[in-house]
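Given the sequences, and given the hints that come with them, work out the whole structure.
4 protein chains.
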Amino acid sequence: MATDEAAEVHGYTAEKTSHLKRLRRIEGQIRGLQRMVEEDKYCIDVLTQVSAATKALQSFSLELLEEHLAHCVVEAAQRGGPEAEEKVREASDAIARLVRS
Amino acid sequence: MATDEAAEVHGYTAEKTSHLKRLRRIEGQIRGLQRMVEEDKYCIDVLTQVSAATKALQSFSLELLEEHLAHCVVEAAQRGGPEAEEKVREASDAIARLVRS
Amino acid sequence: MATDEAAEVHGYTAEKTSHLKRLRRIEGQIRGLQRMVEEDKYCIDVLTQVSAATKALQSFSLELLEEHLAHCVVEAAQRGGPEAEEKVREASDAIARLVRS
Amino acid sequence: MATDEAAEVHGYTAEKTSHLKRLRRIEGQIRGLQRMVEEDKYCIDVLTQVSAATKALQSFSLELLEEHLAHCVVEAAQRGGPEAEEKVREASDAIARLVRS
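Residue numbers (this note's numbering), protein chains in the order written: chain A, 661 to 761; chain B, 661 to 761; chain C, 661 to 761; chain D, 661 to 761.
Please note that the accuracy of each hint is not assured.
Each pair may be met inside one copy or between any two copies, as identical chains are not told apart.
What the hints assert, rightly or not - Simulated pairs of lysine-lysine, BS3-like, Cα-Cα distance not exceeding 25 Å:
# : residue 1 : residue 2
1 : Lys701    : Lys676
2 : Lys681    : Lys701
3 : Lys715    : Lys701
4 : Lys715    : Lys681
5 : Lys715    : Lys676
It should be emphasised that the hints constitute simulated quantities derived from the structure, not laboratory data.
A quick note: this is a predicted structure, and the numbers were derived from the prediction, not measured.
Written out as structure tokens, the structure reads:
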């Protein structure tokens, strides 16, 4: 089945439920920020919440990345050939975007 | 009125509409991420979207911070005394949290 | 005297000795990195040292920035006028560069 | 010979000369910062140089990391077994340190 294959290829599907829970919590943080702005909360308190949401997004991306290395990159390395190289470059580009964001 | 005073104290109220628009767009990005995870999208594409949402949060916090400096910190400096010092320290702590998140 | 004026304008001069000590320590970390590369140390250990040096540079910049806000920005705010606005914008740009680096 | 083996294991040895050149340039930037502090240069200009040095360190670490993935992690994956898992976890921890620094 397509979904099972995807589970193998993408690596993160096993953790899908936990990922969705995390993203829903982050969505809640963003909605909390909207409430704070609507209620004219003090800027520093808003900033503290923005930092918390940013950190939560970052932890999420680090988890995704580790799963990607553990599954997609390792499997491509085992198959060998140019695909392994391509996966490493692609992962490195994603890491650079994370580090710079 | 409390709200008018808050508007003066917090500085960002004038930009309230634009802030709420931004936060709603970020909320949309987070919901987009949930859809991507649900549809087993490729991890690297999910990561690219996470980086985009992180950058959007960061730009939002930089804007809030600039408004805070331009209003709360500048006004406290003009009133002088220990409050000015306290505002500078508070802003510096918020900057440190941003830089480290 | 020019130096005394500079001390007032730049704010960080009082902490000059401590800043120079910090920068010399960071220079030592960078030279330590060169030795590690020369001795073919394990990449992960090199990366750990690079992170330590990056964090040290970041703390240094956060300290500089706090001094800048406490002196240059506060004094410009007290003098008032367009200079205060300019200083806030300049500080905000520096913060944005820090957050994005 | 030990060094030749290390060259294979660490991956970055082929790029040793270019790495050392980069680190020497960063060392020069740090010494330039010391001169700026000694000469009481304007804080914002010092901060701009600190951001440049931080970015240079970051690019260096991203390059090291890519080489590490391309060599150590890929080779461990090809050998298989628990070593591959360990390498992925170790690389992920290094990435987390980078992202958070």
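A quick look at each hint next to the structure:
1. Proximity of Lys701 and Lys676 under a CA criterion of 25 Å is satisfied inter-copy only: 11 Å between copies versus 35 Å inside one chain copy.
2. For a Cα distance limit of 25 Å, the shortest separation of Lys681 from Lys701 across copies, 17 Å, qualifies, whereas the shortest one inside one copy, 27 Å, does not.
3. Proximity of Lys715 to Lys701 under the C-alpha cut-off of 25 Å is found in both arrangements, the shortest distances being 21 Å within a copy and 23 Å between copies.
4. With identical chains, the CA atoms of Lys715 and Lys681 are at most 25 Å apart both within one copy (16 Å) and between copies (22 Å).
5. Taking identical chains as interchangeable, the C-alpha atoms of Lys715 and Lys676 lie at most 25 Å apart whether they share a chain (20 Å) or sit on different chains (24 Å).
Checked against the numbered hints above, the structure breaks none of them.
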